[in-house]
Amino acid sequence: MKQYSDLEFLKLSRGQKLLYRLQRFLISIPVGIGRFFMKLIRALGKLFAGIGRDLGEIGATFVQGDWKTKTSFFIMGFGNLARGQILRGILFLLFEAVFIAYMVMSGGYWLSMLPSLGITGPSEEYSEVLDAYVTRYHDNSFQILLYGVLTIFFVIAFIYTWRVNVRQNRMAEKILASGKKLKSGKDDLRSVVDDQFHKTLLALPLTGILVFTVLPIFFMILVAFTNYDGTHNGYTNSLFTWVGLDNFNTMLSWNVTGGAGTQSYAATFGEVLLWTLIWAFFATFTNYFLGMFVAMAINKKGIRFKKGWRTILVLTIAIPQFISLLYVSKMFAKNGIVNGFLMSMGWIQQALPFWEDPTWARVTVILINIWIGIPYLMLITTGILMNIPADLYESARIDGANAWQQYRKITLPYMLFVTGPYLLTSFTGNMNNFNVIYLLTGGAPTNPAASSAAGAVGYTDLLITWLFKITMGAESQYYLASVIGILVFVVVALISLVVYNVLPSIKNEEDFR
Amino acid sequence: MSEATAKRHMGLRASRAVSNTLIHVLLIVISIIWLIPFVCIVLQSFRVENTGPVGYIIPHQWGTGNYTRLFQTDFPRWYTNTFIAALATAVLQTVIVLCMSYTLSRFRFKMRQPLMRFMLILGMFPGMLSMIILYRVLKDLGLTQANAVPGLILVYVASSGMGYYVSKGFFDTIPMSLDEAARVDGATRAKILYKIILPLSKPIVIYTILTAFMGPWGDYVFARYIAFGTSAGKNVAVGLYDWLNKDQISNCYTMFCAGGVLVALPVTILFLFLQKYYVEGVTGGAVKG
Numbered sequence: 001m002k003q004y005s006d007l008e009f010l011k012l013s014r015g016q017k018l019l020y021r022l023q024r025f026l027i028s029i030p031v032g033i034g035r036f037f038m039k040l041i042r043a044l045g046k047l048f049a050g051i052g053r054d055l056g057e058i059g060a061t062f063v064q065g066d067w068k069t070k071t072s073f074f075i076m077g078f079g080n081l082a083r084g085q086i087l088r089g090i091l092f093l094l095f096e097a098v099f100i101a102y103m104v105m106s107g108g109y110w111l112s113m114l115p116s117l118g119i120t121g122p123s124e125e126y127s128e129v130l131d132a133y134v135t136r137y138h139d140n141s142f143q144i145l146l147y148g149v150l151t152i153f154f155v156i157a158f159i160y161t162w163r164v165n166v167r168q169n170r171m172a173e174k175i176l177a178s179g180k181k182l183k184s185g186k187d188d189l190r191s192v193v194d195d196q197f198h199k200t201l202l203a204l205p206l207t208g209i210l211v212f213t214v215l216p217i218f219f220m221i222l223v224a225f226t227n228y229d230g231t232h233n234g235y236t237n238s239l240f241t242w243v244g245l246d247n248f249n250t251m252l253s254w255n256v257t258g259g260a261g262t263q264s265y266a267a268t269f270g271e272v273l274l275w276t277l278i279w280a281f282f283a284t285f286t287n288y289f290l291g292m293f294v295a296m297a298i299n300k301k302g303i304r305f306k307k308g309w310r311t312i313l314v315l316t317i318a319i320p321q322f323i324s325l326l327y328v329s330k331m332f333a334k335n336g337i338v339n340g341f342l343m344s345m346g347w348i349q350q351a352l353p354f355w356e357d358p359t360w361a362r363v364t365v366i367l368i369n370i371w372i373g374i375p376y377l378m379l380i381t382t383g384i385l386m387n388i389p390a391d392l393y394e395s396a397r398i399d400g401a402n403a404w405q406q407y408r409k410i411t412l413p414y415m416l417f418v419t420g421p422y423l424l425t426s427f428t429g430n431m432n433n434f435n436v437i438y439l440l441t442g443g444a445p446t447n448p449a450a451s452s453a454a455g456a457v458g459y460t461d462l463l464i465t466w467l468f469k470i471t472m473g474a475e476s477q478y479y480l481a482s483v484i485g486i487l488v489f490v491v492v493a494l495i496s497l498v499v500y501n502v503l504p505s506i507k508n509e510e511d512f513r
Numbered sequence: 001m002s003e004a005t006a007k008r009h010m011g012l013r014a015s016r017a018v019s020n021t022l023i024h025v026l027l028i029v030i031s032i033i034w035l036i037p038f039v040c041i042v043l044q045s046f047r048v049e050n051t052g053p054v055g056y057i058i059p060h061q062w063g064t065g066n067y068t069r070l071f072q073t074d075f076p077r078w079y080t081n082t083f084i085a086a087l088a089t090a091v092l093q094t095v096i097v098l099c100m101s102y103t104l105s106r107f108r109f110k111m112r113q114p115l116m117r118f119m120l121i122l123g124m125f126p127g128m129l130s131m132i133i134l135y136r137v138l139k140d141l142g143l144t145q146a147n148a149v150p151g152l153i154l155v156y157v158a159s160s161g162m163g164y165y166v167s168k169g170f171f172d173t174i175p176m177s178l179d180e181a182a183r184v185d186g187a188t189r190a191k192i193l194y195k196i197i198l199p200l201s202k203p204i205v206i207y208t209i210l211t212a213f214m215g216p217w218g219d220y221v222f223a224r225y226i227a228f229g230t231s232a233g234k235n236v237a238v239g240l241y242d243w244l245n246k247d248q249i250s251n252c253y254t255m256f257c258a259g260g261v262l263v264a265l266p267v268t269i270l271f272l273f274l275q276k277y278y279v280e281g282v283t284g285g286a287v288k289g
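Chains as they are written, first to last, in the numbering used here: chain E, 1 to 513; chain Z, 1 to 289.
The hints are simulated quantities; they were obtained by calculation from the structure and are not laboratory data.
Glycine residues also receive a C-beta, built at the ideal position from the N, C-alpha and C atoms.
Hints may contain errors.
As the list claims (entries may be wrong) - Now the stretches of chain Z that chain E is said to cover, found in silico as 3 or more residues with beta-carbon under 8 Å:
no., region
1, 23 to 35
2, 50 to 63
3, 76 to 82
4, 148 to 160
5, 180 to 192
6, 238 to 247
7, 260 to 274
Unchecked claim - For lysine-lysine, the following BS3-like pairs were computed, each having C-alpha atoms within a straight-line distance of at most 25 Å:
no., chain 1, residue 1, chain 2, residue 2
8, E, K199, Z, K246
9, E, K186, Z, K195
10, E, K199, Z, K195
As the list claims (entries may be wrong) - Label pairs and their in silico Cβ distance ranges:
no., chain 1, residue 1, chain 2, residue 2, range
11, Z, F107, E, N237, 44 to 54 Å
12, E, L412, Z, F107, 51 to 61 Å
13, E, I86, Z, Y194, 27 to 37 Å
14, Z, F71, E, A203, 41 to 51 Å
15, E, M38, Z, V29, 51 to 61 Å
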């Protein structure tokens, strides 16, 4: 495709400009994705080169090192102890001891069971003491998977620590050879609040994220490849096991109908995904433009009680969403205040089907979401609007631009430029906006064709509320929930990838310092 | 000034006056739309002639019966649960978020960029997914159902480091030269944080506390998983939500309104006083990210 220079572009007619922009956008999508994978391949190459270099260095350390270093390969921290770095030596040694003890006592068992996720399920056995049949529990698939993953994390941590241990020996030898002194335990303690202060600060937050976010996500990704559900809970009723790609096949194949369903999972998934995207689009942009409009209206010269208007809107943020959303949802119900008011005024004869009709329900949630979102957007845009240099408007007025032209040519481009990344996070946030949908409609009205596939699915259900319903339902098909979760991730990641590559500029954070 | 330009000025002024009046009217309408549901909740919480949802706003009979009924249910227990969880979370989460954002803003270490990118990717997974496993784990530890509060606090606080964006944006605006000057004078990194940065960061600290408090105060999903089936372990959101199901709504609707008023009141008052800091946090940090 022909690329225009700036001047040539300006000469084009309006239609041609639009077409050109559209073409550029469409081209940028595969280019962006391609660029990402190139980056990925390059990063992987770097990683392997790094590992190779590391292995070489480890070998060299062993060959060239003295006996203290060599012993440290087997007894971690030995070199540190022998060279007088008592604190470090003890810590290394302790870690190795804990690791070996753990692996012998339970880690080895978890790892060995990981490929099968348990062999013996619960069984009815005769108990002579009770003179009755009792259920005895044996393996626990859930625990095996959980502790298996945990053990793998632990092994990786051990390998890393061992590597640090080897490197420290090499460094210590070098430092001693050059006649300098090693750091003492006192120096180490001081560095905890100084040179290494960032590690101290990050230790707690990162541990939390590792245990409560990374580990569960890792676990749930693995669950997508098992048959873990309410009837295979891995302990009390039946073990669960690996099933390969079966669940993805179920979710994405047009031929597999779920249970007694009339519609395949793939069709349901497609419908819900489409609505999720439509919803995210409208929820993001209606809020964005209307919020900006309200902010501009309040900011306008000559408007009184600026602070008062803002306070009214800001206070609505304070009220917990579950109260306002649940209440508003009842206001729009068949016997709710809105219908009651309209009927008492004689404007309508029958109650409007706000939550009963699919289209009505979808429009209503988007409208109510505007009510939820505008105060927040108003706040955000107010700050940015005030940052636009006033002389831009001044000169535009002198040139005879009217209010709309000023908005189109100054305000909007500036806003879009500054809030580009925010719009992206807001879009993906709306895709996963559980609260608004679940508290307003609970997904209703129900879609009968889709519902039998995996619990009740409604016309306003997003992927995230569908996922929640699956896990809370009687059958609790956790494996399907995991598959949906992974697919949500893929969609969000793809959108982010494309947008980041299309955005006019990815802000360099160092620019603002 | 010629007559023509004077006339044009008059015209401009007149049109501005008209448009400003229109905007004032619009703002009044907007304020009414935004406030109406809350006014309705308050009014309905005092309605005693019918405890279900009705099609009118002004109660026919006024009374505080809904509030007294409220205290005969498990509501006080839910309220205490929520309050303890929110308070503990506000304190712990603030510490964690500030540690995280300060470090990512101030220090330049090798793993910084990869770490931030990694957390960005982690954030793309629906957080709800991890609740399934966290529920089972907490259950094994005995931290669910009746003992839900410590479990809830643990879950709220543990992953809160991921929400560092806003306060990092704030720390980024404090000049690095302050740190450098202090380092030249021999201050340790820790001392710089306590003696220089924290005193300058009052708005963002308050913003973080406020949002950290409001999260658990209105949380539904996680609390639903963890309270699973027991009344004693519910928080207000789960408890009040259950009052609106088909079997209970005709009896509990006005009680829901009364409960809603009691839940909304403290946060609203808090907000009224701390509004300035909240606005500063949102406008200052949220977009820069």
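Hints, one by one, checked against the model:
no.: 1; hint: 23 to 35; verdict: holds (count 9)
no.: 2; hint: 50 to 63; verdict: holds (count 5)
no.: 3; hint: 76 to 82; verdict: violated (count 0)
no.: 4; hint: 148 to 160; verdict: holds (count 6)
no.: 5; hint: 180 to 192; verdict: holds (count 4)
no.: 6; hint: 238 to 247; verdict: holds (count 3)
no.: 7; hint: 260 to 274; verdict: holds (count 8)
no.: 8; hint: E:K199 / Z:K246; verdict: violated, 53 Å
no.: 9; hint: E:K186 / Z:K195; verdict: holds, 23 Å
no.: 10; hint: E:K199 / Z:K195; verdict: holds, 20 Å
no.: 11; hint: Z:F107 / E:N237: 44 to 54 Å; verdict: holds, 50 Å
no.: 12; hint: E:L412 / Z:F107: 51 to 61 Å; verdict: violated, 37 Å
no.: 13; hint: E:I86 / Z:Y194: 27 to 37 Å; verdict: holds, 30 Å
no.: 14; hint: Z:F71 / E:A203: 41 to 51 Å; verdict: holds, 44 Å
no.: 15; hint: E:M38 / Z:V29: 51 to 61 Å; verdict: holds, 53 Å
Comparing the model with each numbered hint stated earlier shows that hints 3, 8, 12 do not hold.
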